[in-house]
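Undergrad: Sequence:
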Amino acid sequence: MSTRTSKLDMNALGALGLVAALLVGVAVDPVHAKPRKRDLDYVPAFASPPMAPVANGSIFQASNGYSALTNGARAAMVGDIVTITLVERTQATKSNSASTDRSGDIGLTPPATGPASFFKPTDIGASGGSTFQGKGGAAQSNQLNGEVSVTIAQVFPNGTMLIRGEKLLTLNRGDETIGITGIIRAADIGPDNRVPSTRVADARIIYSGKGEIARGSKMGWLNRFFAILSPF
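At position 10 of the sequence shown the residue is numbered 10 (full-length UniProt numbering), and the sequence of numbers has no breaks.
Wrong hints could be hidden among the right ones.
Stated by the list, open to error - In silico SDA-like cross-links for lysine to any residue, where the CA-CA straight-line distance does not exceed 25 Å: (1) LYS94 to GLN154; (2) LYS167 to LYS135; (3) LYS167 to LYS210; (4) LYS210 to GLY136; (5) LYS167 to ARG194; (6) LYS210 to SER141; (7) LYS167 to GLY209; (8) LYS167 to ASN145; (9) LYS167 to PRO157; (10) LYS94 to GLN143; (11) LYS135 to THR100.
Said to hold, decoys possible - Simulated restraints, written as ranges between beta carbons of each label pair: (12) SER97 to GLY190: 45 to 51 Å; (13) THR198 to LEU229: 42 to 48 Å; (14) ARG102 to LEU222: 19 to 25 Å; (15) PHE225 to ALA139: 27 to 33 Å; (16) THR83 to LEU229: 44 to 50 Å; (17) ASN223 to SER127: 43 to 49 Å; (18) ALA139 to ILE183: 29 to 35 Å; (19) GLY190 to GLN133: 50 to 56 Å; (20) THR93 to ASP202: 22 to 28 Å.
Hints in this document: simulated from the structure, not taken from any laboratory.
In this text, a Cβ means the ideal position worked out from N, Cα and C, and glycines have one as well.
Whenever a hint applies, use it, and build me the whole structure from the sequences.
TA: What follows is the structure in structure tokens.
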């Protein structure tokens, strides 16, 4: 009996070892993990290859492009790099309250003679009332500071530019992604090619993460399931 039990224990240990080996084999090293699929809204733009100049004997070739002497090294063409300084800060509060009060009463005076004369005035009457009070409030604040270098994706005739780009930080416990796209004015580009995020029109700024830290801050699927079913 003991020999049979020892064989069963050995088989169980062998099965557990095989499962552990399989789990280790299929584990993916986060450093060599498959690259994530990039969002097309934040893919950087690159300058198109220059056209071959026409051999017409002229020194100035319009196909090579030009910039004014006052522009210096400021970004002005598709593919140029612009640094967006993130200075986002929002704060919102909301509160409301409501109260209602309603009451009513009714009474009848019985006749002094007749079959109903034995009723007293206090015996025939009714009253009712209802009261409701409710309060609610909400507060939210967000703050985002940092810098993201993006590229000019398109230049419009009115002096505005479409910019887009993202920054991906791969940490030992997950990935952090900061992406931004929007429209800026050429006049808002500083000498160091920096633009504050408050000057970006139609801005779309994302800040998301993946990994252990991001998963640890989320509610589990079972808790979410019961939260949906809970009437409270």
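Undergrad: For each hint, tell me whether it holds in the structure or not.
TA: Hint check:
1. With a CA separation close to 40 Å, the supplied pair LYS94 and GLN154 exceeds the 25 Å bound.
2. With a CA separation close to 43 Å, the supplied pair LYS167 and LYS135 exceeds the 25 Å bound.
3. The hinted pair formed by LYS167 and LYS210 meets the criterion: a straight-line CA distance of about 14 Å does not exceed 25 Å.
4. Pair hint LYS210 plus GLY136 does not hold up; C-alpha atoms about 34 Å apart against a cutoff of 25 Å.
5. At most 25 Å may separate the alpha-carbon atoms for a hinted pair to count; LYS167 and ARG194 meet this at roughly 16 Å.
6. With a C-alpha separation of about 23 Å, the suggested pairing of LYS210 with SER141 holds against the 25 Å cut-off.
7. Taken as a hint, the LYS167 and GLY209 pair is honoured in the structure, with Cα atoms around 12 Å apart against an allowance of 25 Å.
8. Using a Cα cut-off of 25 Å, the hinted pair LYS167 and ASN145 holds, with the two alpha carbons roughly 14 Å apart.
9. Restraint check for LYS167 and PRO157: not satisfied, since their Cα atoms lie roughly 29 Å apart, outside the 25 Å limit.
10. This hinted pair checks out: LYS94 and GLN143 have alpha carbons roughly 19 Å apart, not beyond 25 Å.
11. Note on LYS135 and THR100: the hinted pairing holds, with a Cα-Cα distance of about 12 Å set against a maximum of 25 Å.
12. Separation of SER97 from GLY190 is about 48 Å and conforms to the stated range, judged on CB atoms against 45 to 51 Å.
13. For the pair THR198 and LEU229, the supplied restraint of 42 to 48 Å holds, since their beta-carbon distance comes to about 43 Å.
14. The given range of 19 to 25 Å is broken by ARG102 and LEU222, whose C-beta atoms sit roughly 44 Å from each other.
15. Roughly 29 Å separates the CB atoms of PHE225 and ALA139, a value that falls within the hinted 27 to 33 Å.
16. At about 48 Å, the beta-carbon gap between THR83 and LEU229 stays in the expected band of 44 to 50 Å.
17. Distance hint check: the CB atoms of ASN223 and SER127 are about 48 Å apart, consistent with the given range 43 to 49 Å.
18. Taken as a hint, the range 29 to 35 Å holds for the pair ALA139 and ILE183, whose Cβ atoms sit roughly 31 Å apart.
19. Taken as a hint, the range 50 to 56 Å holds for the pair GLY190 and GLN133, whose Cβ atoms sit roughly 55 Å apart.
20. Between THR93 and ASP202 the CB atoms are about 26 Å apart, so this pair conforms to the stated range of 22 to 28 Å.
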